[in-house]
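Student: Below, each chain spelled out in residue letters.
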Amino acid sequence: MKAVGPFRKILVANRSEIAVRIMNTCRLMDIPTVGLFAEDDRHSLHLDMARETYGLGGGELHETYLNVDKILKAAESLGADAIHPGYGLLSERADFCRACGERGIVFIGPTPEAMALMGDKRASKEAMEKLGVPLIPGYHGRDNDPKQLLKEAKRLGTPLLIKASAGGGGKGMRLVEDLSTFSEHLASAMREAQNAFGDDRVILEKFITNPRHIEVQVLSDAHGGHFHFWERECSIQRRHQKIIEETPSPALDQTLREKICEAALTICRGIDYLGAGTVEFIFDEASGGGGQFYFLEMNTRLQVEHPITEMVTGYDLVEGQIRAARGEKLNLTQEEITQRGYALEVRLYAEDPDAGFLPTTGTVRSIGESRLPGIRLECGLKEGASIGIQYDPMMAKLCTHALSREGSIEKMRHLLNDYPFLGLSTNRDYLQRILAHPHFREGKTFTHFVQTHKKDLSPPKLQNRELAAIAAAYTLSEKEPSFSQENGPQGGLRDSLFKTLGGFRNG
Amino acid sequence: MGKQLLKKTLVIDEREVTFDDIAIKGDRVVVKIQEESFEFTNLEFRSVFDPGLGKTHLLVGQRSHWVEKRDGIFKGETSLEGGDDRYEAPMPGKVIKIVVSEGKKVKKGAPLMILEAMKMEHTIRAKRDGIVQKIHCLCGDQVPVRASLLELGE
Chain A
207 MKAVGPFRKI LVANRSEIAV RIMNTCRLMD IPTVGLFAED DRHSLHLDMA
257 RETYGLGGGE LHETYLNVDK ILKAAESLGA DAIHPGYGLL SERADFCRAC
307 GERGIVFIGP TPEAMALMGD KRASKEAMEK LGVPLIPGYH GRDNDPKQLL
357 KEAKRLGTPL LIKASAGGGG KGMRLVEDLS TFSEHLASAM REAQNAFGDD
407 RVILEKFITN PRHIEVQVLS DAHGGHFHFW ERECSIQRRH QKIIEETPSP
457 ALDQTLREKI CEAALTICRG IDYLGAGTVE FIFDEASGGG GQFYFLEMNT
507 RLQVEHPITE MVTGYDLVEG QIRAARGEKL NLTQEEITQR GYALEVRLYA
557 EDPDAGFLPT TGTVRSIGES RLPGIRLECG LKEGASIGIQ YDPMMAKLCT
607 HALSREGSIE KMRHLLNDYP FLGLSTNRDY LQRILAHPHF REGKTFTHFV
657 QTHKKDLSPP KLQNRELAAI AAAYTLSEKE PSFSQENGPQ GGLRDSLFKT
707 LGGFRNG
Chain B
9 MGKQLLKKTL VIDEREVTFD DIAIKGDRVV VKIQEESFEF TNLEFRSVFD
59 PGLGKTHLLV GQRSHWVEKR DGIFKGETSL EGGDDRYEAP MPGKVIKIVV
109 SEGKKVKKGA PLMILEAMKM EHTIRAKRDG IVQKIHCLCG DQVPVRASLL
159 ELGE
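From first to last, the protein sequence lines stand for chains A and B.
Start counting the first sequence at 207; every next residue gets the next number (our numbering).
Start counting the second sequence at 9; every next residue gets the next number (our numbering).
Calculated directly from the structure, the hints in this document are not laboratory data.
Virtual Cβ for every residue (Gly too), placed ideally from N, Cα, C.
Any given hint might turn out to be false.
[To be verified] To give a feel for the contact side, a few chain A residues facing chain B, derived at Cβ under 8 Å:
hint, residue
1, Arg-445
2, Ser-572
3, Glu-672
4, Ile-676
[Stated by the list, open to error] No more than 30 Å apart at the CA atoms, straight line, and that leaves these computed lysine-lysine pairs for DSSO-like:
hint, chain 1, residue 1, chain 2, residue 2
5, A, Lys-685, B, Lys-16
6, B, Lys-116, B, Lys-105
7, B, Lys-102, B, Lys-142
8, A, Lys-360, B, Lys-116
9, B, Lys-16, A, Lys-667
10, A, Lys-331, A, Lys-357
11, A, Lys-336, A, Lys-412
12, B, Lys-40, A, Lys-667
13, A, Lys-661, B, Lys-63
14, B, Lys-63, A, Lys-588
15, A, Lys-279, A, Lys-215
16, A, Lys-661, B, Lys-135
17, B, Lys-115, A, Lys-353
18, A, Lys-535, A, Lys-465
19, A, Lys-357, B, Lys-116
20, B, Lys-102, A, Lys-276
21, B, Lys-102, B, Lys-115
22, A, Lys-360, B, Lys-105
23, A, Lys-353, B, Lys-112
24, A, Lys-353, A, Lys-412
25, A, Lys-353, A, Lys-331
26, A, Lys-661, B, Lys-115
27, A, Lys-412, A, Lys-360
28, B, Lys-77, A, Lys-588
29, B, Lys-116, A, Lys-661
30, A, Lys-412, A, Lys-661
31, B, Lys-102, A, Lys-660
32, A, Lys-685, B, Lys-33
33, A, Lys-667, B, Lys-33
34, A, Lys-667, B, Lys-135
35, A, Lys-685, A, Lys-667
36, A, Lys-353, B, Lys-116
37, A, Lys-353, B, Lys-105
Just chain A, with the same shape it has in the complex (with noise of 0.2 Å):
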């Protein structure tokens, strides 16, 4: 691959935080940017960071976000040579990557062979099973009538998974704990595939009982250069998506992490990959040798979880994206890549974690305000910004960075508060509960923890002190004078911020 030389302008094809988030860094490369708007996103933040928007219309996503011809316009027309996808919507679609390139636009990512392979769940399992990787048990195979797969899922036994192929994020995904449940569960997957994806072809795998749920981070240049920047580990999980990532993973030991790191680059190799990308693991801890791991697939786009990694190795990977893309030689050897403290990221979804993870709707009123050194807080809303369902539930990313494990959640038990984003129903206490739980705090994070720990993670009973100290605070709001009545996002909000230190006593 030739160089394709400094980009003049590049199109961000996605919304919200992360958005924002690649804005940034043009910003820092002093490349402008350009950000797409749907009708009902036009006041999200990432529009006030791109220096020219293009508006997509309305409707459903395929006619806005996901709608290829008019993303390829807009770069077009507003002389755009490069795209960054961000993660979902377009991020790993071939089709879009080929087209990109037949209009002679950079795709900012992998190529799209590279991409087809790793979307495709069963190809990619066949061409790593080649490279000498460790899989998973399962069935992989072509057949998907549901009378061949409910033969195979008899041969694997219980419990087993069914995940779509195309697959990713939990969509299209079924644990199935008991045959007699199997055809019902695969029908739902299936038409849950068709949706997400347009591909209801799925693959069966053995489910294994205790996993952690471990991931490395890559990133390759068109000269042959494969870097690992080590990894995450993503155990703590809710509807099979994850809410809390950290790195340096508590699981592994120095042996283990090289382990994991060099079979992530063997695969870098041997698809002669390009761009960053994330290959997750399975990790067994009850396998001997100290646990063993088995790849489950390669998200070949930029991670959610991407900042903690960039907090422990204080690289840029969107940078590295940009520059792989135009075809530079990354000025990097593996050995500068070391981790240094641990990081650790929380999800912040508008959901009930008291009513199954539910989505829920309403207004941001208050997002807060933090200046805790060491933090991120990712995040493309603005104060009042409605949430509706049309888009993706999670609202924010909050990221801390400290010298230990211990360090870096007593920092997120903080920094919660600090930007507490008040106005509607999350799962910050859940993830406060979470972050106090003995087994978290020991490192017992496994990908079942959320079902595990249900009772434990449950709102405890409000004590007479708490229902005092809520009294309290609401009679004392009522009392205060609005700070944002004129400048608040919605007239009439008495939007009190009242906060001074100190405890409370009991009389």
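Fit chain B to the supplied structure of chain A, relying on the hints for placement.
Tutor: Frame of chain A, contents of chain B only:
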């Protein structure tokens, strides 16, 4: 500043709590509940009032709460009348499949309909054996949270 007596019953996280007294005395707040008395100075909290909901969202200590006055306009419990036989949308979303039809007999645990929000499916299941009396929505409908979806009967 003199003693100020405020409304004694608050709805905290949809639960009614009665206080014997809530009084602001200078820079202190004194709260009496179930014969216990608590006094607060320099209480750390954040709050926002939502005029639409008529509720205040409060962060006190490590937890956040929804608080409203007892005699507020909003009465959360009224829409929950009807017990187990009325099925309401647990989240705002789109009805993507209605599995049953009116008059159909269903067993406990049987899927009745499927909602989708943010591309996640949620299956509404029968809470007991019964017969579908009435279906209040059509496939493809966008429904708000707590919208009545379906009724079950004998």
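Student: Each hint should be assessed against the structure and marked as holding or not.
Tutor: Hints and how they fare:
Against a cut-off of 8 Å between C-beta atoms, the interface hint on Arg-445 of chain A holds, since the closest Cβ of chain B lies about 7 Å away. Among the interface hints, the one on Ser-572 of chain A holds; its C-beta lies about 5 Å from the nearest C-beta in chain B, closer than the 8 Å criterion. With its C-beta approaching chain B no nearer than about 7 Å, Glu-672 of chain A sits inside the 8 Å limit, and its interface hint holds. Below 8 Å, beta-carbon pairs count as interface contacts, and Ile-676 of chain A has one with chain B at about 6 Å; its hint therefore holds.
Restraint check for Lys-685 of chain A and Lys-16 of chain B: satisfied, since their Cα atoms lie roughly 16 Å apart, inside the 30 Å limit. This hinted pair checks out: Lys-116 of chain B and Lys-105 of chain B have alpha carbons roughly 19 Å apart, not beyond 30 Å. Our distance criterion of 30 Å between C-alpha atoms is met by Lys-102 of chain B and Lys-142 of chain B, whose separation comes to about 18 Å. Proximity of Lys-360 of chain A to Lys-116 of chain B is assessed by CA-CA distance (about 26 Å); at most 30 Å being required, the pair is judged to hold.
With a C-alpha separation of about 20 Å, the suggested pairing of Lys-16 of chain B with Lys-667 of chain A holds against the 30 Å cut-off. With a C-alpha separation of about 20 Å, the suggested pair Lys-331 of chain A and Lys-357 of chain A falls inside the 30 Å cut-off, and the hint holds. A distance of roughly 20 Å separates the Cα atoms of Lys-336 of chain A and Lys-412 of chain A; the hinted pair therefore holds under the 30 Å criterion. Note on Lys-40 of chain B and Lys-667 of chain A: the hinted pairing holds, with a Cα-Cα distance of about 18 Å set against a maximum of 30 Å.
For the given pair, Lys-661 of chain A sits about 28 Å from Lys-63 of chain B by alpha-carbon distance, which is consistent with the 30 Å threshold. For the hint pairing Lys-63 of chain B with Lys-588 of chain A, the CA-to-CA distance comes to about 21 Å; that is within 30 Å, so the pair holds. Our distance criterion of 30 Å between C-alpha atoms is met by Lys-279 of chain A and Lys-215 of chain A, whose separation comes to about 14 Å. Only pairs whose Cα atoms come within 30 Å are accepted, and Lys-661 of chain A paired with Lys-135 of chain B is accepted, the gap being roughly 22 Å.
At most 30 Å may separate the alpha-carbon atoms for a hinted pair to count; Lys-115 of chain B and Lys-353 of chain A meet this at roughly 25 Å. Note on Lys-535 of chain A and Lys-465 of chain A: the hinted pairing holds, with a Cα-Cα distance of about 25 Å set against a maximum of 30 Å. Pair hint Lys-357 of chain A plus Lys-116 of chain B holds up; C-alpha atoms about 28 Å apart against a cutoff of 30 Å. This hinted pair checks out: Lys-102 of chain B and Lys-276 of chain A have alpha carbons roughly 26 Å apart, not beyond 30 Å.
Using a Cα cut-off of 30 Å, the hinted pair Lys-102 of chain B and Lys-115 of chain B holds, with the two alpha carbons roughly 24 Å apart. Distance hint between Lys-360 of chain A and Lys-105 of chain B is fulfilled; the C-alpha atoms sit about 29 Å from each other, no more than 30 Å. The straight-line distance between the Cα atoms of Lys-353 of chain A and Lys-112 of chain B is roughly 28 Å, inside the 30 Å bound, and the hint therefore holds. Pair hint Lys-353 of chain A plus Lys-412 of chain A holds up; C-alpha atoms about 18 Å apart against a cutoff of 30 Å.
Straight-line distance between C-alpha atoms of Lys-353 of chain A and Lys-331 of chain A comes to about 22 Å, which keeps the hinted pair within the 30 Å bound. With a C-alpha separation of about 28 Å, the suggested pair Lys-661 of chain A and Lys-115 of chain B falls inside the 30 Å cut-off, and the hint holds. Restraint check for Lys-412 of chain A and Lys-360 of chain A: the C-alpha separation of about 11 Å stays at or below 30 Å, so the hint holds. A threshold of 30 Å between alpha carbons decides the hint, and for Lys-77 of chain B with Lys-588 of chain A the separation of about 29 Å falls inside it, so the pair holds.
A C-alpha spacing of about 25 Å is found between Lys-116 of chain B and Lys-661 of chain A, which places the hinted pair at or below 30 Å, so the restraint holds. The suggested pairing of Lys-412 of chain A with Lys-661 of chain A holds, with an alpha-carbon distance near 27 Å, which does not exceed 30 Å. For the hint linking Lys-102 of chain B to Lys-660 of chain A, the alpha-carbon distance of about 28 Å falls within 30 Å, and the restraint holds. The straight-line distance between the Cα atoms of Lys-685 of chain A and Lys-33 of chain B is roughly 13 Å, inside the 30 Å bound, and the hint therefore holds.
Straight-line distance between C-alpha atoms of Lys-667 of chain A and Lys-33 of chain B comes to about 28 Å, which keeps the hinted pair within the 30 Å bound. Between the alpha carbons of Lys-667 of chain A and Lys-135 of chain B the distance comes to roughly 26 Å, so the proposed pair stays at or under 30 Å and holds. Between the alpha carbons of Lys-685 of chain A and Lys-667 of chain A the distance comes to roughly 28 Å, so the proposed pair stays at or under 30 Å and holds. Taking the CA atoms of Lys-353 of chain A and Lys-116 of chain B, the gap is about 27 Å. The hint holds against a cut of 30 Å.
This hinted pair checks out: Lys-353 of chain A and Lys-105 of chain B have alpha carbons roughly 23 Å apart, not beyond 30 Å.
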